[in-house]
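J.: Kindly produce the complete structure, drawing on both the sequences and the hints.
Numbering of the sequence shown is given in our numbering, commencing with residue 1 and proceeding in unit increments.
If you're looking for bench data, these hints aren't it; they were derived computationally from the structure.
A portion of the hints provided could be inaccurate.
Derived DSS-like pairs (lysine-lysine); straight-line CA-CA distance at most 25 Å [to be verified]:
1) 44 with 54
2) 68 with 44
3) 54 with 68
4) 45 with 68
Derived Cβ-Cβ restraints for the label pairs, each shown as a range [what the hints assert, rightly or not]:
5) 77 with 11: 20 to 30 Å
6) 77 with 26: 27 to 37 Å
7) 77 with 55: 30 to 40 Å
Beta carbons: idealized from backbone N, C-alpha and C, even for Gly.
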Amino acid sequence: MEIETVEQLIRRGIPGAEVQVSGDGSHFDAVVVSEVFGGLSPIKKQRLVMDTVKAQIASGELHALSIKTLTPAQRAEQGS
Numbered sequence: 001m002e003i004e005t006v007e008q009l010i011r012r013g014i015p016g017a018e019v020q021v022s023g024d025g026s027h028f029d030a031v032v033v034s035e036v037f038g039g040l041s042p043i044k045k046q047r048l049v050m051d052t053v054k055a056q057i058a059s060g061e062l063h064a065l066s067i068k069t070l071t072p073a074q075r076a077e078q079g080s
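T.: This is the structure in structure tokens:
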């Protein structure tokens, strides 16, 4: 699976999200920044992102996805 494909799947599932993915073809790391994460628990944020690639995980095409979720405000705080 290509990095670009994982990015597209997440963007399609979370419109307006900023997505950065790195990986080796089967194991990926994703940083997803979206307003939609505001007020959600960490587990709900993870599920929201995982739901965007559920079919690929079920088929074995995608083996592992490590996710970091941030709101735009949280990203701005990290940049300080």
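J.: All hints, please: hold or fail.
T.: Status of the hints after comparison with the structure:
Proposed proximity of residue 44 and residue 54 is supported: the alpha carbons are some 15 Å apart, at most 25 Å. For the proposed pair residue 68 and residue 44, the alpha carbon gap of about 12 Å is at most 25 Å, so the pair holds. Of the pairs offered as hints, the one joining residue 54 and residue 68 holds, with about 17 Å between alpha carbons and a cut-off of 25 Å not exceeded. As the CA atoms of residue 45 and residue 68 are separated by approximately 9 Å, the hinted pair is consistent with the 25 Å bound.
One distance hint, 20 to 30 Å for the beta-carbon pair residue 77 and residue 11, holds here, with the actual separation near 23 Å. The given range of 27 to 37 Å is respected by residue 77 and residue 26, whose C-beta atoms sit roughly 32 Å from each other. Separation of residue 77 from residue 55 is about 34 Å and conforms to the stated range, judged on CB atoms against 30 to 40 Å.
In summary, this structure violates none of the numbered hints.
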